[in-house]
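Novice: Take a look at the letters that make up each chain.
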Amino acid sequence: MPMRVTLNGEQRELPDGLTVAALLAHLGVKAPRVAVEVNESVVTRDRHELHRIGPGDSIEIVAFVGGG
Amino acid sequence: MPMRVTLNGEQRELPDGLTVAALLAHLGVKAPRVAVEVNESVVTRDRHELHRIGPGDSIEIVAFVGGG
Amino acid sequence: MPMRVTLNGEQRELPDGLTVAALLAHLGVKAPRVAVEVNESVVTRDRHELHRIGPGDSIEIVAFVGGG
Amino acid sequence: MPMRVTLNGEQRELPDGLTVAALLAHLGVKAPRVAVEVNESVVTRDRHELHRIGPGDSIEIVAFVGGG
Amino acid sequence: MADTWSIGTHLFTSRLLVGTGKFPSFEVMQRAHLASGAEIVTVAVRRLDLTASGAASLLQWIPKHMTLLPNTAACFTADEAIRTARLGRELGMGDLVKLEVIGDRRTLFPDVVGLVDAARVLVKEGFIVLPYTNDDPVTAQRLEDAGCAAVMPLGAPIGSGLGIRNPYNLRIIMEAAKVPVLVDAGVGTASDAAIAMELGAVAVLMNTAIAEARQPVLMAEAMRDGVAAGRKAFLAGRIPMKLHAAASSPMSGLIAT
Amino acid sequence: MADTWSIGTHLFTSRLLVGTGKFPSFEVMQRAHLASGAEIVTVAVRRLDLTASGAASLLQWIPKHMTLLPNTAACFTADEAIRTARLGRELGMGDLVKLEVIGDRRTLFPDVVGLVDAARVLVKEGFIVLPYTNDDPVTAQRLEDAGCAAVMPLGAPIGSGLGIRNPYNLRIIMEAAKVPVLVDAGVGTASDAAIAMELGAVAVLMNTAIAEARQPVLMAEAMRDGVAAGRKAFLAGRIPMKLHAAASSPMSGLIAT
Amino acid sequence: MADTWSIGTHLFTSRLLVGTGKFPSFEVMQRAHLASGAEIVTVAVRRLDLTASGAASLLQWIPKHMTLLPNTAACFTADEAIRTARLGRELGMGDLVKLEVIGDRRTLFPDVVGLVDAARVLVKEGFIVLPYTNDDPVTAQRLEDAGCAAVMPLGAPIGSGLGIRNPYNLRIIMEAAKVPVLVDAGVGTASDAAIAMELGAVAVLMNTAIAEARQPVLMAEAMRDGVAAGRKAFLAGRIPMKLHAAASSPMSGLIAT
Amino acid sequence: MADTWSIGTHLFTSRLLVGTGKFPSFEVMQRAHLASGAEIVTVAVRRLDLTASGAASLLQWIPKHMTLLPNTAACFTADEAIRTARLGRELGMGDLVKLEVIGDRRTLFPDVVGLVDAARVLVKEGFIVLPYTNDDPVTAQRLEDAGCAAVMPLGAPIGSGLGIRNPYNLRIIMEAAKVPVLVDAGVGTASDAAIAMELGAVAVLMNTAIAEARQPVLMAEAMRDGVAAGRKAFLAGRIPMKLHAAASSPMSGLIAT
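Chains as they are written, first to last, in the numbering used here: chain A, 35 to 102; chain B, 35 to 102; chain C, 35 to 102; chain D, 35 to 102; chain E, 2 to 258; chain F, 2 to 258; chain G, 2 to 258; chain H, 2 to 258.
Hints in this document: simulated from the structure, not taken from any laboratory.
Quick caveat, the model's predicted, so the values are computed rather than measured.
If a hint is listed, it holds; no wrong ones were tucked in.
Cut-off 25 angstroms, straight-line C-alpha distance, at most; resulting in silico cross-link-like pairs (DMTMM-like, lysine to aspartate or glutamate): (1) Lys64/A x Glu91/G; (2) Lys64/B x Glu74/B; (3) Lys125/F x Glu71/B; (4) Lys243/F x Glu176/F.
Isolated chain A, as found in the complex:
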């Protein structure tokens, strides 16, 4: 049974109990270099497999873009 989260500012339904790694796979995010923040704290790469998303979590997935 699915859970609601906020992903990059938008409401989304996700399968329950996903890890961050699974989420990225689920989203088909191939980009080698994204960074993930859950509830305003960074989830470092080494914890992508461990950190489970929970209902109501606020998730940010960011990448580098052009800037000065």
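With chain A held as given, fit chains B, C, D, E, F, G and H onto it using these hints.
Specialist: Quick look at chains B, C, D, E, F, G and H alone, frame taken from chain A:
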């Protein structure tokens, strides 16, 4: 019999033998302060009665205008 | 028996139990316009007669000087 | 019998009938690149052998120096 | 046209504010003040010299029609500035204060963090706060938000006489401000004062440029005229700049050649 | 102190000279002239429009106390300028002439060769010659040597409003000149006029900056004040410039912290 | 002479830092980066576009030898800036951050209060903080005290191309700073970059001036040369300024006349 | 892109012209010349010192690939300048001459009347005339009309190091000129050279700024880079100036707050 002169750059017919004073009267130039040049020499006020216009003369009648 | 206070940054002995008004008189400060601060709080004119200096008080007496 | 000339602004006695070439030799001017002016006219290299200095001549011998 | 401006309930016609420091004498200062036409004069608050018996008081040399503006010059913390402002009010019996919180001895540039903090406290205590600040538009906005009655960005360091170093920032501040913007510090000569006013300043505050001029009284007059000139030019609407010329006399009607 | 200056036998107190071109109307021009306080006013010489019967005369709008300064604007040769100057004298019954020999239509910069030639001729004929020139110190010297009563270098192109583009050259001219140096042309706003005077100019001449301002009369007043401000500041002796600050309030006698 | 400079343990030879925003294409950006000779390149951190499948990644266009400098552009609070810096570190696997806390949308001037607060936090977390700040010497000192590895005052508003508006303040900052001073923002053309370096800047950071030039690659080369020119001139020691001339050719030994 | 320029039949790639005066030694001069990349070098013509036997010749220190440009420095009349030019040609076996007719000892500004006269004569004699002139657009036009191969307006007085005092006039000259415009004299540091090129100058000529720098060789390199930077920036097309900011990083895609 009339004579041709150049007056302020334009060809004009004038009665023969006019003095500068007569010319100004003829033209109805009331402006108290004009200056007259005949053939590139100024004809001063005191000589307006004396100086006669001749055929082919080049006459300039000037006044003050706004300038910086 | 006298008390020690700090007056404009310097150690001074003063008669015990002086009011601010009495202090100014004692110092011969005629200047109509000084302001007095005791222990970092202003003592307004209307309270000069009432406010008593105590031992160890830190007193500032200031006036206007030239400035920009 | 010698002649008086002005050389670079100074009075000098020179042997009579010198050519410009002879003058330069006489002065021991080895510098490959000087220019000579006699009486305010340049005597070009090709005429150094031909041009004879005369009494009272004003001679300038110049070279390049540092400048901007 | 009465071209007035106001701070709180105070209404002024002169747009030149002057100081009382560094004049060769009180006599010269007084003549300069009168020549300047100023209606507001800054004063500093300092410890009374208890050794000097009945020292000449600055105040007796300041024309009665002038409004005193106590400053908190040489205060390096918000706390010192607040205490000094309170003493100034007690001395001056007015609520106006030129708030200075200095951040650096060499440039006398403000410590904007302390400045905003002190402004908030003093506004709450009912002061009419005129803060001396740098030319940073963001700080000017913060001071306005804190309830300051005006903002007073510097043109250049105090006493430097360098004039208006960054007219761009001042213009940006003036565009955004909803309170009067006064240029405080940096003016060296009359054209500097005129430039400040042409940028849109409501008024100009200066001390050293007058007090240390070779002839302070004449310079005070020059500054009065310079401020008036700049103000009028600002209102009159200057001509645009062009790279090339535009004849002021007609190019036609010339005599023949 | 009556701070006067003179050209030939003419003595003046105002240091602002104004023009008569490009005003929205004669009425506005007259009010601007009065507001400016100017005592000298430039006029141009042009062919009378023989078609217009009794056209409104410029002169009736010029206050009687003002001295007319006929110019030779738009003359591109020494000869045209000389003839125009003679006609101007006949018109104005005075010996003053603002001598212009223009070298380029786009910039209206002077042809200095023709200018010096024309100046020599007119000086011989008894004219009091005030040449409009560029900011070249050598040309200024030549004009002085030719007997000109003053030199009038430009601040920037006529009507450009760019102000004083090269204060260095103007200062060099003023250092060397033994005749009065007036800044003619380029002034755009009041601070420009003040800057010219602070450099040491004896006076400033302008037309467009006043005539084409959004409010010519108010700008005329601004210019009057700006010239006065710059003159007084020049006489009063400004403070030197410093990179760093110099406190205007005492750094001692502070309350304890 | 290898004229290098360093931030923390990073050693650099190029004194030009470039951005990655606003280029017409990644291809042009890459060529411009190579032409610039820059060793440090700024990047921004933004939400991944989850709709775009496998969008072209900025990073593959950045030469491997270049050091990434993530910025916190468009953060309006210390908190946003701190979170963005942490995400940038996670992305970039480096500790360098160009810290921006913006105080005003129109000028993009920093909020110096938030800037100093964010700097303190990030320094504690081991970041090498390069703060984008205004030209206020006091704020620069606060940032240095907070442990920033450098200070980066602006020359003029970001993207304005106004150049170095206030060289006086920059010089004052450079005199006092014990950490490298980089000029960030405002440069419009090559001479601006040279001027920044002649003032004593350790390096110059720019984006718009290159990315939006008509020919970005050629402008990148111009900036490389301008920075080198200014640096060398600063080291070489320029001649003093004089009002008058000093002949470069001898005034003696002239031929007779 | 080979960015070359030419005078008569001479083709050049370097846009920096250097002098040979005032160097601490011939050795330093030679190293500076090589560092500058210059292809044209100015020399003066003076009386040979007949007392000095086999004095070190300047020429042996000038790299063979450099083109000699004899000047007529310190000539105060057209006649002296013409004679000196002829002697220079006899010495240099070339037709190039940097024509100077000086009008004033203190400023070394040109006597434009004598300058134009001398130019006419020398052009008739087949010289390729490069006149040192002031920044007067009309004189520049006269020199072009006289057949000069280029015009070389000054940026500021010779040796003053004041830089480009009046960019407006230089721009006007460059707009109108059909021959190359070189900026000669006034440059003090590398950014001045860049500014001259950004205005559109074809090349820059300098002597004192290099010869009297604390490190002449390094300054020569700085000037080489500054000229290159300014040239490239001119070609690349700079961004326009704005009063306000334009973000270089996106203002969208920010993380939630």
